[in-house]
Each structure stands twice: as C-alpha cells, then as structure tokens.
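K.L.:
Take these sequences, add in the hints, and give me the full structure.
Protein chains in written order, with numbering that gives the first Met the number 0: chain F, 0 to 315; chain L, 0 to 315; chain C, 0 to 315.
By construction, these hints were calculated from the structure, which means they are not laboratory data. Careful, some of the hints might be misleading.
The list cannot tell twin chains apart, which means a pair is met if one copy fits it or any two copies do.
In silico PhoX-like links for lysine-lysine, alpha-carbon gap of 25 Å or less [said to hold, decoys possible]:
1. K162 to K37
2. K37 to K24
3. K218 to K228
4. K25 to K35
5. K25 to K163
6. K24 to K163
7. K163 to K228
8. K162 to K228
9. K1 to K35
10. K178 to K72
Please read these numbers as outputs of a predicted model, since none were measured by experiment.
Chain residues, written in single-letter form:
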Amino acid sequence: MKQFTSVADVANFLPELIREAIQLKKAPFAYQHLGKNKVLGLVFMNPSLRTRLSTQRAAFHLGMQTIVVNADKDTWKMASGEGIVMDGEAAEHIKDAVAVMGQYCDILGVRSFAGLANKEEDYAEQTLNDFIRYAGVPVISLESATRHPLQSLADLITIEEYKKTPRPKVVLTWAPHPKALPQAVPNSFAEWMLAAGIDLTITHPEGYELNEQFTRGAKIVYDQRQAFKNADFIYAKNWSSYTHYGQILSRDRHWTVTTEKMALTNQAYFMHCLPVRRNVVVEDAVIDSQQSIVIPQAANRVWACQAVLKRMLESL
Amino acid sequence: MKQFTSVADVANFLPELIREAIQLKKAPFAYQHLGKNKVLGLVFMNPSLRTRLSTQRAAFHLGMQTIVVNADKDTWKMASGEGIVMDGEAAEHIKDAVAVMGQYCDILGVRSFAGLANKEEDYAEQTLNDFIRYAGVPVISLESATRHPLQSLADLITIEEYKKTPRPKVVLTWAPHPKALPQAVPNSFAEWMLAAGIDLTITHPEGYELNEQFTRGAKIVYDQRQAFKNADFIYAKNWSSYTHYGQILSRDRHWTVTTEKMALTNQAYFMHCLPVRRNVVVEDAVIDSQQSIVIPQAANRVWACQAVLKRMLESL
Amino acid sequence: MKQFTSVADVANFLPELIREAIQLKKAPFAYQHLGKNKVLGLVFMNPSLRTRLSTQRAAFHLGMQTIVVNADKDTWKMASGEGIVMDGEAAEHIKDAVAVMGQYCDILGVRSFAGLANKEEDYAEQTLNDFIRYAGVPVISLESATRHPLQSLADLITIEEYKKTPRPKVVLTWAPHPKALPQAVPNSFAEWMLAAGIDLTITHPEGYELNEQFTRGAKIVYDQRQAFKNADFIYAKNWSSYTHYGQILSRDRHWTVTTEKMALTNQAYFMHCLPVRRNVVVEDAVIDSQQSIVIPQAANRVWACQAVLKRMLESL
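P.N.:
So this is what it looks like as structure tokens:
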C-alpha cells in the first residue's frame with residue numbers, strides 16, 4: 000500500500016483490513032519486527048490529540064520509531080503552488096520540505112485542514128497531494144481537508160464490534176456547534192459506511208447536504224426524530240455547509256442529541272469522533288450513559304492505524 | 000502504586016523508596032525489562048525543563064517509550080467542571096481528553112499549575128483530580144497547583160546523600176522574586192521533610208505563612224538570620240502569599256540569600272529547585288560556590304522519578 | 000571528540016570523516032550498539048526542519064534515544080551573561096539550564112542564531128560557548144550565530160560524491176532574499192571548502208564581503224557571470240552584509256540563479272542548503288532541473304551528523 004487517503008485505497012480488502020485490526024488488538028506486539036529500523040514522520044499542520052497519540056502508539060506496537068513535526072510551530076512557514084515568487088512570509092516551498100522529509104522517513108503521515116474559505120481549493124487537497132507527489136515514500140492521511148480515513152476505519156471497527164444484527168441501521172446526525180467545522184469527518188464516515196455495505200441514514204437541517212460524491216446510496220432525512228427511529232448507532236457530528244461553503248446556517252439547539260431522542264432508537268449506541276462540545280452537540284446524560292461508546296471508539300484509532308501501517312511496512 | 004501526587008502516597012515506604020532511588024543511580028538500566036512495551040504519556044499544561052527531561056530519562060532507563068503532549072500548544076483548549084455548556088473557546092472537555100489518553104498510555108504524568116486567582120479552586124486540584132478520576136491508568140503528578148512531589152522526593156534523596164549528621168537542620172527560606180509564584184514547591188518540601196522526620200525550620204516575612212496542613216511540625220521563624228544559625232541545608236524558594244492569596248507582599252532584597260548570611264550556618268549546603276533568578280533569590284557567589292548542590296539536586300530528579308515509575312510498573 | 004562547532008574540530012581527520020560518512024550510508028545500522036542506553040538532547044532556539052529530522056535519524060541509526068527541547072516554546076525564557084540581576088522576563092540563566100541538561104543527556108546539540116543587531120555579540124557565539132562551558136558533556140552545533148558545520152560537512156560529502164574531476168571549481172554565489180539572513184552558512188561553507196583544498200570562488204555584490212577569517216584563500220569575484228564560467232558546482236545562498244552588519248544592501252534580482260547563467264558553467268550541479276526562496280534565490284527551472292542536487296544534499300545531512308555522533312560516542 001503506497002497511500003492511505005480514502006476508502007478507495009483499501010476498497011479491495013476492506014473486510015480483511017477490519018478483521019486484521021481486530022486481530023492486532025489481541026496481540027498488539029505480534030508484528031514488532033516489521034517496523035524495526037524504520038522511521039515514521041508525522042507532520043501536523045494543526046492541533047491533534049487522538050491522532051497524535053494513537054498513531055505513535057500504533058507505530059510503537061510495530062517497532063517503528065516516530066518523529067513528530069509540528070509544521071505550524073517547529074519549522075518554516077511553507078508556500079505551495081507552481082511558479083510562485085517566494086518573496087513573502089513563506090521561507091520554504093512545500094515540495095522541497097516534503098521531498099526532504101521523504102529522505103529522512105520511511106513513511107510520512109500528514110494532517111492538513113480545510114480553510115473553509117474556498118471550496119475548490121479545499122476539495123483539491125493541495126497539501127495532501129503535494130505529500131503524495133513529492134515524498135517518494137508511502138503517505139498516510141492523518142485527516143485532510145475533506146476526509147479523515149483513519150477515523151472512519153476506527154468507526155467501522157467499532158460498529159463491527161458492537162453491532163447486534165448483521166446489517167445495523169447507522170444514523171449520522173448533524174448537531175449544532177459554535178464554530179464552522181470542515182466536512183472531513185462526515186464525508187469520510189459516509190463513504191466508508193457505504194463502501195462497507197452499511198444501512199446509512201444521514202439527517203441534518205436543509206442546506207447542510209454533503210457532497211453527493213460521498214453520500215450516494217445513503218438515505219437523507221431532514222426530520223431528526225424520524226431518522227432516529229430504529230437506529231442501532233447514532234453518530235453525531237457538526238459540519239459547516241457544503242453548498243453555502245463553510246458557512247454556519249444554523250446553531251439550532253433542537254438538533255442536540257438528547258436522552259429523549261435516544262429513546263426513539265433501537266437502544267442505539269452513541270458515537271462521536273471527539274473532541275465533542277458537551278451540552279451543545281450532545282447532552283452529558285447521553286455521552287455519559289452506558290450506551291455511549293465514544294471511548295472504545297477512540298481507542299480503536301490505534302488498531303485502525305496499526306492495520307494500515309502494517310500493510311505499508313509489508314509493502315516497503 | 001496507582002497514583003503519585005503527595006507524600007501520603009508513599010508514606011508507608013518512604014525510607015525504602017529513597018534507598019531504592021539511590022540504588023537505581025548505581026545501576027540505571029537494571030530494570031529495563033520492566034517498561035518494555037509500555038508507554039508513558041506526559042501532559043504539560045505549562046513550560047518545563049527539568050521535569051520534561053528527567054522524566055523522559057527515567058522512563059528510558061526503565062525501557063519505557065515516552066509520548067509528550069504539550070497540552071497548551073499541540074491539542075485543543077480544554078474545558079472542565081460538571082454540566083457546562085461548551086459553546087466557548089474550549090473544544091474538548093478534560094474528562095474526555097484524559098479518558099482517551101488513558102486508552103493510549105500505560106501511565107500518565109501531568110503538570111498543571113496554580114492560577115493564583117482563587118485559593119479554593121487551586122487547592123481543589125481540579126486538573127490533577129480529573130486525571131486521577133478519568134485516566135483509568137496510574138497517574139503521576141509532574142507538579143500540580145499545590146504540590147511538586149517528584150521535586151520533594153529528589154530533595155530528600157539529595158539531603159540523604161549530603162547530610163553529615165543523622166538529623167540535619169534544614170531551613171526553607173522565602174526569597175524575593177519579581178513575579179507571583181505558586182506555593183507548590185514549599186508546600187511539598189515541607190510535607191516531605193516532616194514526613195521524613197527532618198528538623199525543619201521555615202523562615203519568611205510575615206504574611207507569607209503557608210497552609211498549616213503542610214507545615215505542622217516545622218518551626219516558623221520570621222528572622223531570617225536567626226533561622227540560618229547552625230543550618231546544615233539552606234533551601235531557598237519564593238512563593239506568593241497564601242493568606243492574601245496569590246499576592247506579592249514583598250520584594251525586599253534583604254531576603255536574598257547572600258554569602259554573608261551563609262556564613263551564619265553550619266557550612267550549610269545551598270539548595271534550590273531551579274529555575275532560579277540569580278542575584279534576586281540568591282547571589283551568584285552562593286549558587287556558584289562549593290556549597291551549592293543545585294546541579295546534583297536537579298540530577299536527582301531522574302532517580303526520584305525512576306523509583307516512582309518502577310513501583311508503578313511493578314503494580315501494573 | 001568533545002565538541003563539533005567548526006572545521007577546526009575535525010581538521011586533523013577531515014578526509015577520513017568524509018569517507019566514514021559515505022561508508023555509513025551503505026550500512027546505516029552497522030554501529031547501532033554504540034548509542035545503546037545513550038541520550039542525545041537537541042535544543043532548538045529557532046525553527047528547524049532538516050536539522051531536527053536528520054539529527055534524530057542519525058541518532059536512531061546509532062541506537063541513541065533523542066529528546067528534543069524547543070527552548071523558545073517548551074521551557075523558560077533564558078538569561079545570559081555574568082553577574083546580571085534577573086528581575087526581568089528571563090526565569091532561568093542559561094548556565095544553569097545547560098548544566099542541568101548535561102546531567103540528563105550524554106551528548107547535547109544546540110541550535111542558536113544570530114541576532115544580526117550586534118556583530119561582536121553574534122561573533123562571540125555566547126550561546127554555543129555557554130553550552131560548551133557548562134554542559135559537562137560533548138556538544139554539537141546544530142548551527143550557531145556564525146557557522147553551520149553539519150551543513151558544510153554534508154556539502155563536502157555531496158561534492159565528493161558528484162565531482163567529475165579531482166579538484167572541481169566550486170562557486171558560492173550570493174543571491175537576493177526579502178529578509179536579512181545570517182552569514183553562518185556561507186562562513187562555514189567557505190572554511191570547510193578551503194580546509195578540504197577545494198578550488199573556491201565566491202561571488203557577491205560589493206559590500207557583501209564575508210569575514211576574511213573564513214574566506215582567506217578563496218577567489219572573490221564581483222561579476223557573477225564571470226564567476227560562473229567553468230564552474231562544476233554552483234552553491235547559492237543569501238546573506239546579509241558583514242561590513243554593514245546585518246543590513247540588506249541589495250535585493251537585486253539580477254543575482255537570481257537562472258538557467259541562462261547555469262549555461263555559462265561546466266554543466267555545473269546546483270546546490271542550496273534549503274529552505275530556499277524559489278524564483279527569488281533561484282528559478283524553478285534550475286532547482287527542478289537534472290543538475291539540481293539539493294535533495295541528495297539534504298539527505299547527506301544524516302550521514303554528516305552520523306559520522307560526527309559516531310566519533311563522539313566512541314570517545315565517551
């Protein structure tokens with residue numbers, strides 16, 4: 000595996016990858032020899048807690064050394080784009096920085112983010128694609144402007160572990176939030192669930208439709224309570240509008256996930272990728288309940304990442 | 000050992016712990032197998048040099064992997080407290096962040112700090128207690144709002160190594176400083192010395208009395224020169240007022256530790272936890288003298304931490 | 000080897016050091032036992048990408064553990080100089096911080112930088128010299144105010160690998176830049192080339208003469224095109240004026256390295272230490288050409304550092 004950026008990179012062996020992740024959990028250090036003498040470089044362009052720690056833990060299980068670069072603080076400001084005259088703030092072009100990092104690391108992970116100002120720019124995934132083009136080594140997305148594939152793989156593993164029926168009803172629900180957030184997590188969640196053949200319903204206020212490229216095959220329901228009926232999993236997440244790009248169209252607290260709404264479901268498990276705004280996205284009573292699986296879900300970030308790294312190491 | 004936050008956590012075996020630390024110094028890597036395949040997470044909420052490095056060194060001696068999280072820079076701003084509606088700056092609740100870190104690490108260390116604005120809040124040790132409550136793994140305090148136990152253990156080891164009589168006279172002296180500092184170091188120093196049966200004198204200007212919970216059993220002397228007489232160890236430290244909470248009542252340079260005052264002692268050793276304001280807290284001539292043991296004292300931070308980590312690893 | 004700060008530290012065995020670096024490249028992990036149970040501390044006072052990563056990679060090859068300290072962010076602001084009264088912003092004196100770090104690390108690396116405000120101060124190399132004086136362990140310069148020896152050693156290795164004649168003509172050319180930069184890279188490049196017996200020409204606008212201490216033995220040519228004739232290597236770099244200390248005397252884009260000027264050379268290779276301002280220092284067409292060896296040059300930072308660390312470890 001030369002890159003891990005979307006479900007397309009693993010579509011051919013998705014069920015095996017999930018099984019492998021669950022196996023790794025039982026014997027975390029079974030493949031410690033694979034990463035011996037190998038270095039994983041992790042480049043963060045914005046804050047990270049789960050990704051930062053779970054990736055280091057996964058690499059450690061595989062015997063790899065990790066070097067973390069906080070690209071927003073430790074290094075030079077970077078330029079991107081072709082043919083530009085670099086007489087401004089940026090001291091280094093991303094193509095040079097990435098080519099150099101590829102000389103020092105055996106695998107590179109990168110977390111970039113959506114600016115939310117320009118839809119075309121964000122969806123062009125310039126930073127991630129510059130890494131793929133110039134690194135010369137395999138590249139893992141640690142979340143990009145429009146996708147968060149390690150999160151989605153962890154989500155799928157979690158659903159596989161907790162599901163009570165062969166084809167559970169999974170509901171992705173929009174929830175309010177004080178700030179404009181990217182569509183990366185919901186985009187990715189939708190495309191991974193659909194690729195895995197999950198029965199997916201998405202519910203959100205009008206105007207919050209995601210890019211169809213990711214959601215084709217899902218049911219879109221504008222009535223949240225209607226959507227929750229018979230759900231086996233409720234996955235809450237805020238995102239800003241795709242159509243009115245990057246805008247907040249609603250902060251309506253009627254969309255907060257509450258105990259009363261959870262009662263409409265088939266005793267559904269509650270999921271969220273974290274970090275979560277308590278009592279805005281979801282009530283304490285829900286996230287602190289027995290049905291909340293947000294912590295095991297976060298813990299599964301290790302095994303998702305480890306399954307991917309293992310494949311990459313095997314193909315080096 | 001499930002937590003290390005104050006002398007109370009080790010009161011039952013304090014002399015053994017000190018002996019063990021001194022033993023580890025002679026064979027640093029003797030227990031390298033204990034930490035194999037284990038991860039220590041270090042969470043810093045404010046700057047740190049000695050703690051950051053000595054803890055990593057101690058973990059390395061024990062064969063552990065360390066992951067450092069600069070919680071003030073690398074991750075999301077955190078909220079705390081029950082039932083709050085998170086519609087402000089904080090993107091994540093500390094209870095969720097800690098629970099997640101506990102999934103990725105086998106032991107967690109945390110450095111928090113006193114705000115010095117609200118005595119009750121600082122002395123409630125909210126952050127440290129949130130770690131203990133939500134981590135699900137052993138927690139080490141790397142300094143909290145009101146205590147710095149790894150420093151005090153290192154101080155005790157140092158006094159054990161340098162003392163010339165079975166029960167030396169140790170003097171903790173307040174010293175001036177341009178900024179308001181927490182009471183964590185003097186609180187902790189006092190409670191550890193007293194728990195170890197040391198003859199402790201504390202000297203400071205009036206109004207700088209520490210919380211009696213920590214100092215009960217120590218002599219309080221307001222005349223610094225009087226206190227220095229026959230001292231075997233002078234431990235200098237500034238702190239802000241506990242009574243007039245967080246305030247600077249004095250910047251009086253007559254409290255600076257000088258050669259002339261050191262001459263009143265029983266050729267006492269000079270100690271300070273560092274970082275130290277030279278020529279404000281202590282004159283160059285004292286800290287650079289043969290009697291100054293601030294560097295061996297700092298070096299002992301490794302063995303203090305290693306003795307604690309070793310116990311924790313043994314009880315995992 | 001107790002310090003690595005300039006070519007003088009390795010002058011007695013420079014050809015062997017280069018051979019050794021090239022050997023290490025063929026068997027990176029051959030000396031992994033040397034660094035076992037050893038800790039390398041890296042202290043950065045300003046941003047770094049290549050140095051940060053290549054040094055960690057080199058240490059990893061040698062089996063060493065690395066601890067990184069971002070001294071501008073992770074720790075306390077530091078004071079320097081003798082006898083100062085520390086009642087300002089700085090919480091710790093560099094002499095204490097360095098002595099402490101020397102207790103926790105077996106080798107220390109430090110990156111400091113030129114303030115460019117005061118020539119005497121910069122050329123006194125206060126920070127680097129404080130490390131050498133107070134660390135008590137071997138010290139490697141990761142670039143200082145006036146030299147960048149690991150870069151120059153990597154440059155020499157690169158020229159050794161790519162040269163087509165026994166004594167190639169190497170041209171160091173000044174190039175324009177929007178900001179005032181230190182003389183560290185050109186100073187160091189000149190002294191290393193000359194120590195290695197390279198035929199060195201330096202070209203720059205008048206007023207950009209470097210300190211003669213570094214350039215004695217090189218040809219100084221003010222006509223860039225004249226200098227490029229028959230060159231085997233073009234090494235581009237901006238620096239601020241040494242005479243009019245720290246000033247930008249010219250931003251003249253006629254000094255940019257272009258394809259048309261490269262045509263004057265003996266099919267010269269293009270070198271730059273990176274980061275580079277594209278289309279200001281050098282045209283895309285040159286740096287992206289087959290003759291550009293900036294990426295292998297950056298990759299050689301690993302072997303330069305590893306050869307130095309190996310010598311230091313052998314002498315511990």
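K.L.:
With reference to the structure, classify each hint as holding or not holding.
P.N.:
Taking the hints in turn, this is what the structure says about them:
1. K162 to K37: neither (37 Å within a copy, 31 Å between copies)
2. K37 to K24: both (22 Å within a copy, 15 Å between copies)
3. K218 to K228: Within one copy only: 13 Å inside, 70 Å across.
4. K25 to K35: So K25 and K35 pass the 25 Å test inside a copy (21 Å) and across (17 Å) alike.
5. K25 to K163: Within one copy, since 21 Å is at most 25 Å while 55 Å is not.
6. K24 to K163: Classified as within; 20 Å inside a copy, 55 Å across copies.
7. K163 to K228: within (16 Å within a copy, 76 Å between copies)
8. K162 to K228: Close inside one copy (16 Å), not across copies (73 Å); limit 25 Å.
9. K1 to K35: Answer is within; shortest intra-copy Cα gap is 19 Å, inter-copy 31 Å.
10. K178 to K72: both (23 Å within a copy, 19 Å between copies)
Of the hints listed earlier, the one the structure fails to meet is number 1.
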